[in-house]
Amino acid sequence: MSMGEVELSCLAYAKMYLHASQFPRCSVNGLLLSSSAAGGAVCITDCVPLLHTHLSLAPITQLALTQVDVWCSQTQQRIVGYYQANACASDSSPTPCALKIAEKIFEQCNNAVLLMIDGEKMFPGCRVPPIVMYERKDARWALKDKHTIMLRQWEETCSIVNQLFSSGDQALLVDFDSHLDDITKDWTNQKLNAKIMELVSPANGNV
Amino acid sequence: ILSIPELFLLYRFTNYMRDKLRKWREENYRNSEQIVDVGEELINEHASKLGDDIWIIYEQVMIAALDCSRDDLAWSCLQELKRQFPDSHRVKRLAGMRLEALERYEDANKLYDSILQDDPTNTAARKRKISILRAQGKSSEAIRELNEYLEQFVGDQEAWHELSELYINEHDYAKAAFCLEELMMTNPHNHLYCEQYAEVKYTQGGLENLELARKYFAQALKLNNRNMRALFGLYMSASHIAASPKVSAKVKKDNVKYAAWATSQISRAYQMAGRGKKENKCSVKAVEEMLESMQITMS
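Sequences listed follow chains A and B, in order.
Residue 177 in the UniProt record's numbering sits at position 177 of the first sequence, with consecutive numbering throughout.
Residue 168 in the UniProt record's numbering sits at position 168 of the second sequence, with consecutive numbering throughout.
Here chain A stands alone, though its shape is the one from the complex (with noise of 0.2 Å):
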């Protein structure tokens, strides 16, 4: 891969589209992350749901992002994008708040994406990834090309999020959210990151 390009991964693809059907009237956001060095491409290698009621407000924001960091470096991972789905589904432009925090992110990690989950297309059987990416280019956020964006194993992807909706898996998702509602929650999702990496077929190697 090479300078540019963006690869999501089948686990930060699957929690994503969790998260945002979980909440459908909701807008949802997250973070991106990265198990891989910096420099080059960016491999989204997973993701962390953070909220979905009032996005914009700040305290929960910022305890979000400070406790991410935190995780992060315990982890040996680097927050190297931030997702959003917004509850008009008809509207996947970002919001100021998208703006803000991905600025924010990009301001620690220069090939920073903005990824807006396009409502529209999250229906069963949609052939294409419900997905709009932005890049920071000219000091502004501009629309990436989707050539630079890799999802390896799409079919694979789709049928892995498929599975886990039949077997009910999907309602283990935890956002930041839920975690504060029950601090016995996992925000970082251990077990559904099982579940889903046991779906995942070993051959297909960097998913």
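Hints may be right or wrong, so weigh each one.
To be verified - In silico lysine to aspartate or glutamate, DMTMM-like type, Cα no more than 25 Å apart, as pairs:
no., chain 1, residue 1, chain 2, residue 2
1, B, K138, B, E148
2, A, K185, B, E289
3, A, K185, A, D69
4, A, K185, B, D172
5, A, K100, A, E198
6, A, K191, A, D46
7, B, K129, B, E103
8, A, K137, A, E7
9, A, K104, B, D172
10, A, K100, B, D172
11, B, K285, A, D181
12, B, K129, B, E170
13, A, K121, B, D72
14, A, K121, B, E103
15, A, K185, B, E33
16, A, K100, B, E208
17, B, K285, A, D46
18, A, K191, B, E33
19, B, K20, A, D182
20, A, K104, B, E292
21, B, K175, B, D156
22, B, K285, A, D69
23, B, K285, A, D182
Hints in this document: simulated from the structure, not taken from any laboratory.
Since the structure of chain A is already known, use the hints to place chain B on it.
Just chain B now, with coordinates in the frame of chain A:
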């Protein structure tokens, strides 16, 4: 033909499900998939045992069905209700909601307008029209209509809260704060309103707002000492105030104390949460380290 014990079990099941539906109705839960699951079975298999409850159950199930894109179920519930209550505004409103779910907003609006022509005080129809504006992304119009509505119906809590949400989405924090102040006045024991108000004040920023935020986070905690958002909020606002170069030594000292108290409460809460649960050790560790690192930056 069922035997006596089988009949008995059947009645127990029906009553149990009916009670569940009632609970969800009374507490305004929006667990639509569950409601559809339970409700559909009750309606299809046990309608005769529900008595007069059946009509309110049809309504509840219909709304839940719309939420789950089950137009087939919504339609059949609606037909039953139309048959039983042919001229009802309440049923008309349900028909409107179905049109909304199908995104036929113009048709829905026509229906609501006809209700309002008949009965200009029908708040339900007015609120549905505002919901349509919201669904269409017309936030400023929704805000304007909601403000007009509240001038007439100043006691409508749901409307005040909806308005506060709209203002928060539009980043108009001063107006959101105003709505939450109304809600706190009429609901002084509601810890959620205090905590949301504090979050808005914190977001507005500046020393004065931070102090207000801290006070209202503390108030929320007094009302519910398990509100984690309020606890973290108290910690963060007190820490920021203590770290500000503009405060007196006394204010700094007081806020360091508040922050330290909050830290100990947070640690305790997480320790208790972490007990015996292997799977959330990560989040517990993250909080502990976060609290440690923030203490270092404060001193």
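Results of checking the hints against the structure:
Between the alpha carbons of K138 (chain B) and E148 (chain B) the distance comes to roughly 16 Å, so the proposed pair stays at or under 25 Å and holds. A threshold of 25 Å between alpha carbons decides the hint, and for K185 (chain A) with E289 (chain B) the separation of about 18 Å falls inside it, so the pair holds. A distance of roughly 19 Å separates the Cα atoms of K185 (chain A) and D69 (chain A); the hinted pair therefore holds under the 25 Å criterion. As the CA atoms of K185 (chain A) and D172 (chain B) are separated by approximately 32 Å, the hinted pair breaks the 25 Å bound.
In summary, the hint linking K100 (chain A) to E198 (chain A) is not supported, as the alpha carbons are separated by about 36 Å, beyond the 25 Å threshold. Pair hint K191 (chain A) plus D46 (chain A) holds up; C-alpha atoms about 14 Å apart against a cutoff of 25 Å. Straight-line distance between C-alpha atoms of K129 (chain B) and E103 (chain B) comes to about 13 Å, which keeps the hinted pair within the 25 Å bound. Of the supplied pair hints, the one linking K137 (chain A) and E7 (chain A) holds, its CA atoms being roughly 19 Å apart against a limit of 25 Å.
Distance restraint check for K104 (chain A) and D172 (chain B): the Cα-Cα separation of roughly 22 Å lies within the 25 Å cut-off, and the hinted pair is therefore satisfied. This hinted pair checks out: K100 (chain A) and D172 (chain B) have alpha carbons roughly 16 Å apart, not beyond 25 Å. About 18 Å separates the Cα atoms of K285 (chain B) and D181 (chain A), which keeps this hinted pair within 25 Å; it holds. Taken as a hint, the K129 (chain B) and E170 (chain B) pair is honoured in the structure, with Cα atoms around 20 Å apart against an allowance of 25 Å.
Between the alpha carbons of K121 (chain A) and D72 (chain B) the distance comes to roughly 23 Å, so the proposed pair stays at or under 25 Å and holds. Between K121 (chain A) and E103 (chain B) the CA atoms are separated by roughly 17 Å; this keeps the pair inside 25 Å, and the hint holds. Taking the CA atoms of K185 (chain A) and E33 (chain B), the gap is near 22 Å; set against the 25 Å cutoff, the hint holds. The suggested pairing of K100 (chain A) with E208 (chain B) holds, with an alpha-carbon distance near 24 Å, which does not exceed 25 Å.
For the hint pairing K285 (chain B) with D46 (chain A), the CA-to-CA distance comes to about 19 Å; that is within 25 Å, so the pair holds. Of the pairs offered as hints, the one joining K191 (chain A) and E33 (chain B) holds, with about 24 Å between alpha carbons and a cut-off of 25 Å not exceeded. Proposed proximity of K20 (chain B) and D182 (chain A) is supported: the alpha carbons are some 23 Å apart, at most 25 Å. Restraint check for K104 (chain A) and E292 (chain B): satisfied, since their Cα atoms lie roughly 23 Å apart, inside the 25 Å limit.
Our distance criterion of 25 Å between C-alpha atoms is met by K175 (chain B) and D156 (chain B), whose separation comes to about 17 Å. Pair hint K285 (chain B) plus D69 (chain A) holds up; C-alpha atoms about 12 Å apart against a cutoff of 25 Å. Taken as a hint, the K285 (chain B) and D182 (chain A) pair is honoured in the structure, with Cα atoms around 16 Å apart against an allowance of 25 Å.
Violation of the numbered hints given earlier is confined to hints 4, 5; the remaining hints are satisfied by the structure.
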